[in-house]
Amino acid sequence: MKTLDLEGLTIGALAPLLKKKQISPLEITKSYLERIGKLNPKLNAYLAMAEDDALAAAKKAEREIRHGNYRGPLHGIPLSIKDNIATKGVITTAGSKILADWVPDHDATVVERLKAAGAIILGKTNMHEWAKGSNSINPFYGTPFNPWDTRRIPGGSSSGSAVAVAASLCLGSIGTDSAGSVRNPASLCGTVGLKPTFGRISTYGGVAGTGGYTVNHFGILTRSVRDCALMLNQTAGYDPKDPLSSDAPTVNYTKSLGTPVKGMKIGIIKGYFDEGIVSEVRETVDEALKTLKTLGMKTQEIEIPHIDLVPAAQAASTRPEANSDHDHYLRTRPRDYSPGLLYSLIAGLLTPAPVYVQAQRVRRLICQEFDEAFKSVQVILAPTIFSPAPTIDDCNRGYIEVDGKRINLQDRAGNFLTRYTIPFNVTGLPDMSICCGFSSGGLPIGMQIVAPPFREEVVFQVAEAYERATEWHKRNPPL
Amino acid sequence: MKDAVRRLNDEYQFNLTDREIDLVAQQAEEAALLFKPLFEVNVDGLTPLTKIDKRVRTVPLARKGKR
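Residue numbers (the numbering used here), protein chains in the order written: chain S, 4 to 482; chain G, -7 to 59.
Don't take each hint at face value.
Stated by the list, open to error - With beta-carbon atoms standing in for the labels, derived distance ranges: (1) ARG154/S to THR39/G: 45 to 51 Å; (2) ASP(-5)/G to TYR275/S: 34 to 40 Å; (3) ASP(-5)/G to GLY40/S: 28 to 34 Å; (4) GLU21/G to LYS301/S: 42 to 48 Å; (5) LEU298/S to GLU32/G: 40 to 46 Å; (6) SER443/S to THR39/G: 47 to 53 Å; (7) ASN34/G to ASN72/S: 58 to 64 Å; (8) LYS41/S to GLU32/G: 52 to 58 Å.
Note that these hints are calculated values from the structure, not bench results.
Don't be surprised by glycine CBs; every beta carbon is placed ideally from N, CA and C.
Please work from the sequences and hints to get the whole structure.
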């Protein structure tokens, strides 16, 4: 059997070795558990480990592969799951004090599907309290740290998932995203982060109160675009347990990888994604556009006339939906929320019902405007976040100072760290953040690639073409 | 808005301090300002978005502009 360096390892590289029995699932699982034991105290990526279950699953995978029963590219692959997704017999806290002792008696559909593919679930990843924020400063379980610079936040709320993937503490992770919670930490930690079309991955088994209903998605974080496609192949598709899941047909998402992008058009939305942007991020994304142009892609400015209403539509949707789930605990255990979250939940109780309904009507209008835009372009490209990762101190004081100006991280419209990602929660469009460069301080910068509804394969095609043309994804954090 | 927060405070028994009531009221007031432009848009003929559906997403673009 071979031994492997886990740093930078991908599912695409490991799977053939497992299939050919050149690597043992048990040994690889043990290696990851050992690496987690060594690095997790420094990074706080995992909130709970599922060591016994992982080793048992690895032994089973080993037996099956040895006997010629290879299930596919996720067989024997060590993964992690965000802690607001139910895992049978494994603690699921949602990063909250209230659910500190909750051990689900069932698996979320996404977990069930990964296990059916033979994947090994290593443990549960840390997150922002109740997924209600993106700095992931968690008063109950500690703050996960950005592996590129541990003074900085990893983003969130799927922070632990991104840290675990970036630091090679697993090969992929499932997160959730109601405002950017997969793409935001993917961008700040330099990984791939996919939020598929609304309804594409079942959200059955997601902890109520951690994402609302109409903007919430499960998503995937990996080291490479191909890995992400492999994981979506296994997790996408209709689920009768989730009334919001879609029965739109799925495809083999690896099929579009390697397909030329020449002649495809990229839509650029002016205005909305320029607000507050740090010059270094703008320049990096512009460079990425140039790279895509060298591959034969063209660009075109597009207009989304009501895009400035996105923050209002997002807030008016998520706040009442969250309150519906939190009402019981607000009545019984209000002081078991962190004070900031408690205040925002109470303020959310004062959102009038017509505001909620009006927001859903405006969302349809914005969706139609995106539909119109997609008549002339195949993808839309935008920065994922206005800035590289802020420090934990920046987040505590509420602003960053850059390019000679002060940018508040929180304003009336909500969390500024999610401003660029929420348009694709409001519209449900498939969107991937990939690393498109590094700041002068060595921090990853991400860009979003967005496609029409249920066209994830187009996202994969463009993202993989960019990945193949660049080297950013090969860098590893200095641990 | 402070009165509304006080009523919630009584109903839910949050035991908020005066300072906390101020903070929550301020957040709620800011949210009300944020939501106001949603009502300045013409959404005639548009039903609320509840699920992404390929068939629904192909309907023609609604009339744009403010009332």
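Here is what the structure says about each hint:
The supplied range of 45 to 51 Å is met by ARG154/S and THR39/G, whose beta-carbon atoms lie about 48 Å from each other. Range check, ASP(-5)/G to TYR275/S: Cβ separation about 36 Å, and the 34 to 40 Å hint holds. At roughly 54 Å, the beta carbons of ASP(-5)/G and GLY40/S sit outside the given window of 28 to 34 Å. At about 46 Å, the beta-carbon gap between GLU21/G and LYS301/S stays in the expected band of 42 to 48 Å.
Between LEU298/S and GLU32/G the Cβ separation comes to about 42 Å, which falls inside the hinted range of 40 to 46 Å. Restraint check, SER443/S to THR39/G: a C-beta distance of roughly 49 Å satisfies the suggested window 47 to 53 Å. The given range of 58 to 64 Å is respected by ASN34/G and ASN72/S, whose C-beta atoms sit roughly 60 Å from each other. The hinted window of 52 to 58 Å between LYS41/S and GLU32/G holds, with their beta carbons roughly 56 Å apart.
Going down the numbered hints, you'll see the structure goes against just number 3.
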